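Asks: Here is what each chain is made of, one letter per residue.
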Amino acid sequence: MAETIFKPKRKSGPIKFATLGAWGISILFFLPVAWIISTAFKPKGSIVVSPPVFFFKPTLSNITEALSFDNTLSYFTHSIVYSFGSVIIAILVSYLAAYSFSRYKPAGTDFLMFLLLSTRFVPAAAFVVPYFQLFNLLKLKDSYIGLIAFYAMFSIPFSVWILKGFLDGISQRFDETGLVYGASRWHIMFKVILPQVKPGLVASFVFNILFVWNEFLFNFQLGGAKTFGIPVGLFTGSTKGGAIDWAYVASIGTLYVMPLVIVIYAFQKYLLVGLTFGTVRGEV
Amino acid sequence: MADLALKVSGLTKSYGNKVVLDDLSFTASMNDFSVICGKPGNGKSVLVRTIMGLEPVDSGSIIVRGQDVAKASAGERNIGYVPQSFALYPHYSVLENIEYPLVLSKASDATKKESVERVAELLRIKDLLGKKPEQLSGGQKQRVAIARGLAKATDVYVLDDPLVGLDFKLRERLIDDLRKTQEELKVSFVYMTSDPLEALSLAKTVMILAQGKIVQQDSLDLVYDEPNSIASMNSLGFPEANILPAELSGTTIKTILGSIKVKTDSSSSKVVAGIRPEGFVVGKDANSFNCKVSLMENLGSEFAVYFTIDNTDLVTVVSRTDAQALSKLQAGSVDISVKPDAVVLFDANSGKRIGQGVSHV
Numbered sequence: 001m002a003e004t005i006f007k008p009k010r011k012s013g014p015i016k017f018a019t020l021g022a023w024g025i026s027i028l029f030f031l032p033v034a035w036i037i038s039t040a041f042k043p044k045g046s047i048v049v050s051p052p053v054f055f056f057k058p059t060l061s062n063i064t065e066a067l068s069f070d071n072t073l074s075y076f077t078h079s080i081v082y083s084f085g086s087v088i089i090a091i092l093v094s095y096l097a098a099y100s101f102s103r104y105k106p107a108g109t110d111f112l113m114f115l116l117l118s119t120r121f122v123p124a125a126a127f128v129v130p131y132f133q134l135f136n137l138l139k140l141k142d143s144y145i146g147l148i149a150f151y152a153m154f155s156i157p158f159s160v161w162i163l164k165g166f167l168d169g170i171s172q173r174f175d176e177t178g179l180v181y182g183a184s185r186w187h188i189m190f191k192v193i194l195p196q197v198k199p200g201l202v203a204s205f206v207f208n209i210l211f212v213w214n215e216f217l218f219n220f221q222l223g224g225a226k227t228f229g230i231p232v233g234l235f236t237g238s239t240k241g242g243a244i245d246w247a248y249v250a251s252i253g254t255l256y257v258m259p260l261v262i263v264i265y266a267f268q269k270y271l272l273v274g275l276t277f278g279t280v281r282g283e284v
Numbered sequence: 001m002a003d004l005a006l007k008v009s010g011l012t013k014s015y016g017n018k019v020v021l022d023d024l025s026f027t028a029s030m031n032d033f034s035v036i037c038g039k040p041g042n043g044k045s046v047l048v049r050t051i052m053g054l055e056p057v058d059s060g061s062i063i064v065r066g067q068d069v070a071k072a073s074a075g076e077r078n079i080g081y082v083p084q085s086f087a088l089y090p091h092y093s094v095l096e097n098i099e100y101p102l103v104l105s106k107a108s109d110a111t112k113k114e115s116v117e118r119v120a121e122l123l124r125i126k127d128l129l130g131k132k133p134e135q136l137s138g139g140q141k142q143r144v145a146i147a148r149g150l151a152k153a154t155d156v157y158v159l160d161d162p163l164v165g166l167d168f169k170l171r172e173r174l175i176d177d178l179r180k181t182q183e184e185l186k187v188s189f190v191y192m193t194s195d196p197l198e199a200l201s202l203a204k205t206v207m208i209l210a211q212g213k214i215v216q217q218d219s220l221d222l223v224y225d226e227p228n229s230i231a232s233m234n235s236l237g238f239p240e241a242n243i244l245p246a247e248l249s250g251t252t253i254k255t256i257l258g259s260i261k262v263k264t265d266s267s268s269s270k271v272v273a274g275i276r277p278e279g280f281v282v283g284k285d286a287n288s289f290n291c292k293v294s295l296m297e298n299l300g301s302e303f304a305v306y307f308t309i310d311n312t313d314l315v316t317v318v319s320r321t322d323a324q325a326l327s328k329l330q331a332g333s334v335d336i337s338v339k340p341d342a343v344v345l346f347d348a349n350s351g352k353r354i355g356q357g358v359s360h361v
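Going line by line, the protein sequences match chains L and E. FYI, this note's numbering numbers position 37 of the first sequence as 37, with every residue one higher than the one before it. FYI, this note's numbering numbers position 11 of the second sequence as 11, with every residue one higher than the one before it.
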């Protein structure tokens, strides 16, 4: 009898219920996203009606209309440039820092690592005003350089933590073997070790891109017409004409989540390893 | 061009107060299989790391092919290296792993191909070249790691305990392969091991590493037959040699195995007698002692027999074919005598060899 319990049979009652339950809960969490996406394709007349309409003839008119607004495309361009730009720079810098911490172990490494993360202890809102003044002073307001530097700085601490965890899990024998065979330190870092911490790179990339892509406050304060991203665009665009423009919110919202959905879906298998912070290690 | 491949002299390395390498010196000749044998914790790993340039030395010189490389970087030393852990790059195929040192030295494609074929042939891994390290068994990984170490075209190779952790059969085969490889390449192998059996089956020249020093360096037979110190006798041989306290007066020592006439110049009274396991005879005679057999360990062709005299544990070996002795041992109590010429005399304080047994008194 005991062994049948562990064999998931299609018709066995408890397992079927468990599966149903899991699906139910998942769908519940997915509902807001489903609502946004379905709304994007609803004809204008059936968006805000009671009772809600579940079956309708999908239309692309909301999306084409939203895209036809002057600023929409530039919001997307801005978002992509500063998000990917800052995160790629952050990961590069973080990898170098994490490698140094992991391999050279400078005196007080643990404390330095703690110090690094401490920049994230204070709520970001506390920094808004000083940064606003700083950016004005340095004439960095509404510039890609300013925003990319700011977001990279914000992304680095966490990435260093993730990557150091992964690097600590990669035996130093790899580095040493390379050195003995005549490889340079750069070669070892990028050709020997980097490929082995791919899950860590992907994990920090995804975490940071989620943060930067969705960041609103600093983009709103430190950016401007030349650098406003989608979150700011959504905020300002949704109330155009007095009332909330649900068609606009839904259309832009749908396009807005797509890149992230694709990125996360593509990197799913790495992400799972990445979430363990490198604690699940392979044999050397 | 000296025929010395490697000459280490006065090598010292300490971590804080702990002296790991203590004025260590040895030489390794070209075309020789030198084995450095030391028990774990005697500085073996640090010695390898300093020779390879992975750890700076406090003082001393490391002369490779006549040039002092103690200050040179690891890559500049041009020493082939087989690390203790496999450290095969998981993202490379076996082929890419093996040719990695050659790629770094910017060898031509023809050279690469030739070298890889040569070492793959030697270590019988030709059929594995297309695989990834994760698809290999432990023994195969070790072969690939050795192949990668040997692929680098040089004449001095350091192998850091490469067979540790492998199963018995595989070790036998790899030991055989390594010997042949060294003979075919006509290069210098410096091989580190903590396993005395490995040292015995591989070495042409053996060095005994104990407490951060090379205490003895000579041909294998000489080191085995005439250990110059307790540490040397202890490090080589399996089962380990018996070390007994003894009292010296004139030219006679008194031990729990009776009195034995010795040849020595020493006049100190506190001495130590060392007897290899094969230095005993099973059977009753004028000099034998009745002992209790506590354990018989089957080693295949022979048995390691652990026995007790006066609460002192000793060990001897008895051939499997010696039916007469075995039947007596099985009874649990047996008469055993020591071969007087198998007794080596050491000074109790310095641990240095001071004499040799001659006959029973």
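Hints may be right or wrong, so weigh each one.
As the list claims (entries may be wrong) - Below, simulated SDA-like cross-link-like pairs (lysine to any residue); rule was C-alpha separation at most 20 Å, straight line:
1. Lys-198(L) to Ser-93(E)
2. Lys-191(L) to Leu-28(L)
3. Lys-106(E) to Trp-186(L)
4. Lys-191(L) to Leu-222(E)
5. Lys-131(E) to Leu-112(L)
6. Lys-198(L) to Lys-132(E)
Everything labelled a hint here was simulated from the structure, so no lab data went into it. Remember, it's a predicted structure, so these values are computed and weren't measured experimentally.
Asks: Among the hints numbered above, which are violated by the structure, and what are their numbers in rising order?
Replies: 2, 4, 5
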